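Chemist: One letter stands for each residue in the lines below.
2 protein chains.
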Amino acid sequence: MKNSYSPWLLATMLLAMPHLLPAQEALRFQAAGSGPQVNSDSTVTLSVHAPNAKTVEVSGFGATPLAMRKDAASGDWTVTTPTLRPDLYTYSFNIDSVRTIDPANAYIARDINALFSEVIVPGGNADLYAVQDVPHGTVSKVWYDSPTLGMKRRMTVYTPAGYEESGEKRYPVFYLLHGSGGDEEAWSQLGRAVQILDNLIASGQAEPMILVMPNGNANLAAAPGETSAGMYEPKGEHSRAEEGKFESSFKDIIGYVDSHYRTIADKEHRAIAGLSMGGGHALRTSLMMPDTFDYVGIFSGAARWNGGAPSADNQEFVAALRRQFADAPQLYWIGIGKDDFLYDLNQGYRSILDTLSIPYEYHESDGGHIWSNWRDYLVIFAPRLFRNA
Amino acid sequence: MKNSYSPWLLATMLLAMPHLLPAQEALRFQAAGSGPQVNSDSTVTLSVHAPNAKTVEVSGFGATPLAMRKDAASGDWTVTTPTLRPDLYTYSFNIDSVRTIDPANAYIARDINALFSEVIVPGGNADLYAVQDVPHGTVSKVWYDSPTLGMKRRMTVYTPAGYEESGEKRYPVFYLLHGSGGDEEAWSQLGRAVQILDNLIASGQAEPMILVMPNGNANLAAAPGETSAGMYEPKGEHSRAEEGKFESSFKDIIGYVDSHYRTIADKEHRAIAGLSMGGGHALRTSLMMPDTFDYVGIFSGAARWNGGAPSADNQEFVAALRRQFADAPQLYWIGIGKDDFLYDLNQGYRSILDTLSIPYEYHESDGGHIWSNWRDYLVIFAPRLFRNA
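Same order as they appear, the protein sequences are chains A and B.
Here the first sequence stands for residues 66 to 454, numbered as in my numbering.
Here the second sequence stands for residues 66 to 454, numbered as in my numbering.
Next up, chain A with everything else stripped away, as it sits in the complex (with noise of 0.2 Å):
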């Protein structure tokens, strides 16, 4: 319709009601219940508005999904969780069996191909993964040359607040590695690196420094959406380990961090840590590289060599390990839950080490292969880098 206001009327009607210029589309995805409420006492009210259901329950907040109550006269289901520490929790609904994200929150994150809500119960760390009113860094998508892998390949970068401003000055950079079936959105959506690193560095916990998230999967150039190949399902099984291509591509990803940011390029200045295949890469790139960094973190990592369990009695693997120890690195540490399914093989890793008398930290949590450990980890290993450079 041409509309039947005059201009005069529809400005002024404009000028006094500003809230009625209409949404950027037409359609509108109706709100169904309010939204996350986190309580004083930590716990988290959860509603949807889900009139003619059966049966509504929410997953994520805790090991069992939490059975939600209908109002009949409203046809809203509510549940309030236990008390929950302080953590990002990501969730779902499922309602008469269909899982769905909570429709009344704006706020969620892709974990491989599957989309959660999301809400922070604050408190502890959980504050470091909070926006705060501190100064923030840059996040750039960028696409860099691999010419071992053969392609173009996309990559995360975080420059601290203030980098562009600082003229000359050279900072060190941490390359931070997601796990299988992720990929270089990983660590800056549910890991919340970002925020984790604006806050640790405005508190002076951790040094300013260069945030570098690749794309581990070597057969992938980017993310899911992100090129030519267009929107696929991302599965688990895109992330093919094909152990060593990607370490021996690392080159091409340092190699162009060095042209292209004020870093500092020696092994004093460099950190590599990464999640589960991660923290295989991290492993095995420190391994392979042994002059190029001075920290080295594996996170619930998949600890191997060659494909399988290293072993003491595997010549080539106790000698790389010597060479790269010849000159340790500042901090070697590895930091898995008790109840990961990669526990018992990072125990067989710890006890190599131990056998070569080669120094490492340990440390060892709760839970399992989830994100609240890493975003844990991170919150502990961040603090501890380039302090002696």
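Keep in mind that the hints were calculated from the coordinates and are not lab data.
Among the clues, some could well be false.
Which copy is meant is left open, because identical chains are indistinguishable; a pair holds if it fits in one copy or across any two.
[As the list claims (entries may be wrong)] List time: in silico PhoX-like cross-link candidates among lysine-lysine, alpha-carbon distance up to 25 Å:
#1 K135 - K119
#2 K234 - K217
#3 K234 - K403
#4 K310 - K332
Computed from a prediction, not measured in an experiment: that's the story for all the values here.
Go by the hints and put chain B onto chain A.
Modeler: Chain B alone, transformed into the frame defined by chain A:
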């Protein structure tokens, strides 16, 4: 549990079956349905597994929702749309009165406070919205200081492919503004501006340029979730027009861009355009800074002045227009849809320009106040920029 497999067995399993490596989070969002299937006849087949639902429909493909039909045996609901024109479509399901995204489609976009699933029907301009095998620019989220508004503010900056490697080469700048309720994410998400620029530049249809997408809400520093205000629900009313305030701060944006990027810092190499509220911003900013922009685009613009429809009787407004057009912009472009609720307002503005014999180009499209039009307008407008410079 501690894992009961031996490390060797576990590692062997993981090597042989890397897809068994667990998701990064124990929680999984079970895909229900197969995601949108784009058919060769430009229809789209949607499906969702909802065995207990009574009615399921999908919104986003046409003026009214499409009813989906249940296969009793599988519990899957499906529908195939009519033939669609090539475009990016945003859609949602309504399952027994609960609106939700497609649980089997990992691709979503936020429009103000609403989440939509996305699918691209290829062909025509829609091929510019898809990621193609072309060189990609860098997309950064930067925080600039706005002394005028008294805060640090976030914006999205695109530098074209090759920018980093182009030595001392300097580039023109295109400032692109969102509408009411939107933010610095809008044009790079629903607007597909990054893909459009990558593709147009790669084919030589547009000049390599820097694209700057600031936050046009004078009272908000950044998109929801990106400030210490946390994960509040974004609403249109947060976009108070506060006419003139954002415009008067535009010098802060230009100052940042000219001092942080290799720009050509003159009128001949600056463009400004915006949609809806942002169209009003483009109109007024270019009017208030008459020697600053040689290209102006008003897309479905809120073509207001002092809070009302501009009038040829308003001496101040007419004088400002005459100042701006004393050295007329190379291109002053107005685009609007026949069904847009701002149609009459724009015709009123055109009649003033006609009365004053001010040159401009006018593009009238079908449809209303929708992203589909704004993407189209960008595809028309961007190739016109900096050709005479």
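Chemist: If a hint holds in the structure, say so; if it doesn't, say that too.
Modeler: Here is how each hint holds up against the structure:
1. For a Cα distance limit of 25 Å, the shortest separation of K135 from K119 qualifies both inside one copy, at 9 Å, and across copies, at 18 Å.
2. Proximity of K234 to K217 under the C-alpha cut-off of 25 Å is restricted to the inter-copy arrangement: shortest distance 22 Å between copies versus 29 Å within a copy.
3. Taking the shortest Cα distances, K234 and K403 never come within 25 Å of each other, neither inside one copy (42 Å) nor across copies (55 Å).
4. In this assembly of identical chains, K310 and K332 lie within 25 Å of each other by CA distance solely inside one copy; the values are 22 Å within and 49 Å between copies.
Hint 3 alone, counting from the list given before, is not met by this structure.
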